[in-house]
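A.B. asks: Listed in order, the protein sequences are those of chains U and H. Just add 9 to the spot in the first sequence (first one is 1) and you have my numbering. Just add 1401 to the spot in the second sequence (first one is 1) and you have my numbering.
One or more of the hints may lead you astray.
[What the hints assert, rightly or not] For lysine to any residue, the following SDA-like pairs were computed, each having C-alpha atoms within a straight-line distance of at most 20 Å: (1) U/K95 - U/G82; (2) U/K97 - H/R2164; (3) U/K97 - H/N2235; (4) U/K95 - H/R2164; (5) U/K95 - H/R2160.
Simulated from the structure, these hints should not be mistaken for laboratory data.
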Amino acid sequence: MSVPEPATRARPPAAETVELTKVYGEGQAEVRAVDGISLTIPSGSYTAVMGPSGSGKSTLLHCLAGLDRPTSGTVRIGGTDLSTLKDKALTELRREQVGFVFQAFNLVPTLTARENIVLPRKLGRRDPDAAWFDAIVGALGLGDRLGHRPAELSGGQQQRVAVARALVTQPQLVFGDEPTGNLDRTSGQELLALLRTSVDELSQTIVTVTHDPVAAATADRVWFLADGRVVDELTAPTVDGVLDRIRALEH
Amino acid sequence: MWTLTWKGLLAAKARFVMTALAVIIGTGFVAGALTFGDTLQQGFDRLFTSIVGSADVVIRAEEPEDGPGPGPTAAEPASFPPEVVDRLDALEEIALVDGEVEGVAIVIGDDGEPTGQFGPPTLGYSAFVHEELDPAELRTGRWPDTAGEIAIDAGTARAQGWDIGDDVGLVLDGPVERPEVVGIFGLGELDNLAGASVVVLDRETALARLGTDGELTAAYAMAAPGVGEAALLDAVRAELGEGFRVQTAAEVVAEQQEAFGPFVEVFSIALLVFAAVALLVGSFLIFNTFTIVLAGRLRELALLRAVGASRGQLFGSVLGEAALVGAVGGALGAGFGLLVARGLQAVLGTIGIELPGDQLVVLPRTVGVAIAVGAVITLLAALVPARRAVSIPPVAALSEVAVAAPSGRGWIRNVLGALLLVAGVVALTATLLGDAGPTILGVGAVALFLGVAAMSALIVRPLARLLGGPSAALGVSGELARANATRNPRRTAATASALMIGLALVSFVSIFAASLQGTVSETIERSFRADAIVQAGTLAGVPPTALDAVAEVDGVEVVAPAAVGQLEVGERTITLAVMDAAAVPAVFDLDVADGDLEGLTAGGLAVSESVASDLDLVAGAEVAATVPGGEATFPITAVFDGGGIDVSGFLDTAAWEDAGGSVSSAFNVYVRFGADADAATTFDALGSVLVAYPQVLVLDQAGFAEGLAAQLDQLVGVVLALLALSVLVALLGIVNTLALSVVERTREIGLLRAVGMTRGQVRRMVRTEAISVALIGAGLGLALGMPVGAVFVRIEQLNITSLVIPWTQIVVGVALAALAGLVAGVLPARRAANLDVLEALYSE
């Protein structure tokens, strides 16, 4: 597999879904967590997904990231239809083409920061691209923390290591699941700035689920979900704009 | 709080099962050992009762004092003329009386080899006239009537595949003959006793050819109706007078029980040692399980604290759970013990030792002990983890980050461990340099063991790093496996402890055995001048006709038969080679440290250095000893270096006969070839004339050394059994700990899977960790056992002169350990690999 070229706006979409549906349970207990969502995530874009608990935003993200299999519909990442992949190929796709930043417990406690960052490359038995590694480590300000284990890092530092790990394979897209949810205000804002930078300067594609209007406002656009459907969309969001939409959805 | 304990148990069946499993293994071996011992005891009791049959009194000739104890061990048992039975028969107090001849009859298997070589007794008996008195019971066929007919025990018949009508090989007093089997019998419920072969001959043949010169060895009598025991005894004693031992059936049974009591006891003690090892290792396992299980419940415990449970209440609840699991595990362990006891019987059965006791004897005491031991051990093992767990602050329940139990005071443990290690090393050094005995070394070994156990947290890391090289070659799975094995070194060390103990024992004993064997071969090379040794393969000795045949072989110059004699000096038994004094220098090259061998001819005694130092003897001194004829005094003529020779003294034939000893059966015949004879040709010729005597072995020096060494194989066998046990327990321990670790690391595994670890890589990671743990245990075991073994063989009293490290056995031990790790890793690895990524990622 060739290392992807730095992204340009002319690239094909990083990911798309067609009539994506995910149903849990059967009969009376049936829950349509995601109900026929079709959307496109352009390369080099930064998208935030918002919605109340149970709106299906996490499920949408899991299906998009190849962590969960849809009940029906299609998910494509970089042109690959995920439903055609067996577990091993799906795992390898996650390893090579998807980066993850979770809310907590992002890092393997037994590995140092450096080892955590290069983990996806090592899992693929490949050495990380040294120049790219230096670039992201420099951009994230982790240069002097690489030899430390997660327990020796602050929450903000841990999340930055997770971002570095997500970026190290130059994936088609990076998923964030409340990446700032566990951070104090300052660290959270630093992290959001870094995510913004990685889109603007490193041409990465990011999709993140969040409750936080401030986080959502750093994205290029925000999708609002309710009952498993995209009910609203906001481009070039501001904090106030996001808050208005949320209020509108709640009433 | 009891409700909490109950709910706690029910809520987590998995942790209940895991802990209980650990308890079951530990207590199972205890229950198994007890059950086996009880079964053996009862079996022997029944056997002895049935051996007396329906006789009320048993009459034997008085045996010389300090002679052979009960049981047919003497080549020449005490005997009396058959007329004695007629005299008894005439007594009106006696309803029925019968005589018995007991001697040696060697059964030759269809492969031409004696069935009981170097092993269990080979017994020959006369058939009874009155079958009512016969302790043996015919299963099929009939008792023999004439020469050329025999009856044989069912065990031997089954082992050899013989049936009525078969002609089988038998040696009585001459070369092999082939009588016909006309009957097959059992002894009570047994086919056979401890692998002994028993042949019954017709009365005439038995009297003539069992070595009693036409005399009987015992008589069994049944009282006439209405005659009491005392009256019967009095009548028989009055009739026979001095020189007879008249015993009631109960007395005979008691005597036999007393004779076999120590055997049963030794067996039970050996088994309980096994059980203790299993229990020790099991308690590590329980400790581990509780630590992990409680670590997984910290948030729950913190929540209970937050809603108002006191520390003491939680502690009580956790300990209550421990005691309950322990007791239930102990009860199940008692059941598992039945399997263990059956397994032991089966194992002994396959190596030819059939012990009495068909029905397992399960005493209430066994179940009680298993339950009590299970509860107590579990309680003790849970004490530390429970204390640590309940010291969790209530606020931890509210915290989002992963909670960890406050760790124990590591530095105290490490300092203590270091002190123990130093003490151990000092003890070893003292043993090596000075004359500190085995006790100091034993204390040192225990100190080393405890030191290593205490310092495991520090020791495991570097060991894992050492193993890390090869496992890192597996890529990131290997690196993670290594990291996982060291993330909780004490847990790893506890898990590995079973293999540590196993490998320590194996390396210790195998070094001891190999060094002893090495010393034996060395000494044999040095101290034997004989070119060949003819050995009696059975208790009957080498037949005189065989001696004649050997002497006639071309090239044979000296034939020196040696009988075995025993002297008692105080508590010390001296095993003598009784032989023609003039022949000693011809066949031995003894390293005489003091005096000379000349005095042997004049009735002097030559003793080994170890005897001399034990009894404080020097050449020229005299020693008073108990001999078959009573007491005798011998001048010490020489003290020789006896390391490795299986005799501790030499005495001339004439002097032994003067002391009342028997020289009629030679057990070792030393043969020297002429200077101009070709050794190989002569040895072959010797072999071919002795083909007619399958009950003897002919060996060259190397073969003799091997034969002596083979006796050590039993020791090695016991050690291998210990190894097998430790491997089994280790296997379960690794499965247990790893399965719990996988549960504990569910979220981490989910993360790894999310960022691109394939199922195969997860599997490999867990398996590699299992193997690493096993190898760490093996490594620690070798690090303990090898130095202790190497120092042990240097202890002077043992007279071991060479240090041999049996690398093959050690490598096999390590390979077995690795295999245990490999097998143990399979299930936890599968479980880890099959975790659902999403569920794992978002698990608590």
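A.B. asks: Please work out if U/K95 and U/G82 have their alpha carbons no farther apart than 20 Å.
C.D. replies: At roughly 17 Å apart (the allowed maximum being 20 Å), U/G82 and U/K95 satisfy the hint.
A.B. asks: Under the criterion that the straight-line Cα-Cα distance not exceed 20 Å, is the pair U/K95, H/R2160 satisfied?
C.D. replies: Status holds; Cα separation ~12 Å.
A.B. asks: Please work out if U/K97 and H/R2164 have their alpha carbons no farther apart than 20 Å.
C.D. replies: The given pair, whose Cα atoms are some 13 Å apart, holds under the 20 Å limit.
A.B. asks: Run the distance test for U/K95 versus H/R2164: straight-line Cα separation, threshold 20 Å.
C.D. replies: 17 Å, holds
A.B. asks: Does the structure keep U/K97 and H/N2235 at a Cα separation of 20 Å or less?
C.D. replies: 12 Å, holds
The structure meets every hint from the earlier list without exception.
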